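S.K.: Sequence:
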Amino acid sequence: MRAGPSAQSEAMTSPEQTTKLTRTAHLSPAERARLGKEARRTAPLESHAGLTPAGKRNPVTIMTADDAARVPELVPIRYGRMLVSPFTFYRGAAGVMAADLAATPVSGFRAQTCGDAHLSNFGFFASAERALVFDINDYDETLPGPWEWDVKRLAASLAVASRQNGHDAKQSRRAVLSAVAAYRTAMRTFAKRTNLQVWYAQLDVEPMLDRLSSTLTPAQVKSTRAMLDKARTRDSMQALAKLSAVVGGERRIVATPPIVVPVEDLLPGTSADQLFDAMQELIDGYSQSLSPERRHLLRQYRLVHMARKVVGVGSVGTRSWVLLMIGRDENDPLFLQAKEAAASVLEEYVGASEFEHHGERVVAGQRTMQASGDIFLGTHRTHGIDGKDRDFYVRQLRDWKGSVEIEGIRASGLTAYASICGWTLARAHARSGDRIAIASYLGSSDRFDNAIADFAEAYADLNEKDFRLLKRAVRDGLIEVREGI
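Using the UniProt record's numbering, the letters of the sequence shown map in sequence onto residues 1 to 485.
Keep in mind the hints are simulated off the structure, nothing from the lab. Hints should not be assumed to be uniformly reliable.
Unchecked claim - Straight-line alpha carbon distances no greater than 35 Å define the calculated DSBU-like cross-link-like pairs of lysine-lysine that follow:
#, residue 1, residue 2
1, Lys170, Lys242
2, Lys309, Lys401
3, Lys170, Lys222
4, Lys401, Lys222
5, Lys170, Lys56
6, Lys401, Lys230
7, Lys242, Lys230
8, Lys471, Lys170
Said to hold, decoys possible - Just the calculated beta-carbon pair ranges, DEER-fashion:
#, residue 1, residue 2, range
9, Pro29, Gly484, 52 to 60 Å
10, Glu356, Leu297, 24 to 32 Å
11, Gln238, Ser445, 46 to 54 Å
12, Ser47, Ile385, 46 to 54 Å
13, Thr61, Val254, 35 to 43 Å
Computed from a predicted model, the values in this text were never measured in an experiment. Note that beta-carbon positions come from the ideal geometry of N, C-alpha and C, so glycine has one too.
With these hints in hand, go ahead and build the complete structure from the sequences.
M.R.: Here it is, written out as structure tokens:
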């Protein structure tokens, strides 16, 4: 991995390095802009088109490397979901792409990265002020690293999704260019703003939809508004009706195995009681990571039931629990999700996290990148009943959460959506990276945009080959699969 000319080319993993970054941020805007232009000598804008996979590259080996740390009976579900399409494969193959990105050019300027900024990792949720906002959703892989890697992950996901939806090459490229141009122009805008203006910037959904109305058909506007209205109903009360029932006079999460398995079905008898007690200890410990007023709010709820829940694609097999909490009465529910945090797929290439455990890494990364975070977001390391220490982060299960349905989206809709994702990613990076240097590096031309579009198409080709390799591994009996779940 090539280092750029700035102090921000160093891994953000120690107080000394943080001090260097602070000094860089305190340079004059003109000096930071100069550093950005100089970085083009090390990594010309056109060089980002390049993709040279390693000769001994084995995507299946990379994907299966951490299977032993996952829940064994859930691993086949992960591969079953990845085999649905090249796009679902892409979603589950963040580790594969991280290895590929490690060999690509970088400017040397770092930011807090998502680590898995694919198209489906953006969506809607409620801000603390109860406005519907748009942002990145999941941060399991977050680490400080090259901002270019997030841009390429997003761009390639657009190319993969566009192909899957039957769009032609021009339509696919148009969507990618839309995202990258939005990222570049947004970064240049943020470079001119004050630190506080950047920090407070967020994308409220209603004004966003008003701006997009001129580029969408009336039918698309209607379906989008219907999707947003549905998102606003996705809260703990809705989850209470959908996920639970009164059993023997007590509210309980309903079993829908293997997706949702209540603790007493998963571990009958004494073991279930031990796990429930361990989860109560996790909640008590996690509460210490919240601010005092939010800790006070959490303590007004009590844990009444829990269940293991299979989530996502890449996360399948990690330990994820749905926690049913009840407040003043049954009409005051709170559903939390406690999700296991493992090492980021980026760690091998950018260095270990500065935080003591991975739950702290995830929470810190999310708080850095998101404009408006979950009030219950927190973390704790717990000692499990199996005798192993595990890192968890906790957040609300549903709080107006929603996302755009990528499958079947029209080319024009994908292009419009891509620009929103590009802007959002730039805003997230501008909060932690040197936005002035990055903006200067990107410049005002479309050279970077076209280079990334070339990269995205090349990676979509590679992704299809990797998808076929996974299929072959399944046929050869090397990987067990459970499909349709």
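S.K.: With reference to the structure, classify each hint as holding or not holding.
M.R.: Structure-based check of all given hints:
no. : hint                        : verdict
1   : Lys170 x Lys242             : violated, 42 Å
2   : Lys309 x Lys401             : holds, 17 Å
3   : Lys170 x Lys222             : holds, 27 Å
4   : Lys401 x Lys222             : holds, 19 Å
5   : Lys170 x Lys56              : holds, 32 Å
6   : Lys401 x Lys230             : holds, 9 Å
7   : Lys242 x Lys230             : holds, 14 Å
8   : Lys471 x Lys170             : holds, 29 Å
9   : Pro29 x Gly484: 52 to 60 Å  : holds, 55 Å
10  : Glu356 x Leu297: 24 to 32 Å : holds, 26 Å
11  : Gln238 x Ser445: 46 to 54 Å : holds, 47 Å
12  : Ser47 x Ile385: 46 to 54 Å  : holds, 51 Å
13  : Thr61 x Val254: 35 to 43 Å  : holds, 39 Å
Of the numbered hints stated above, the single one contradicted by the structure is hint 1.
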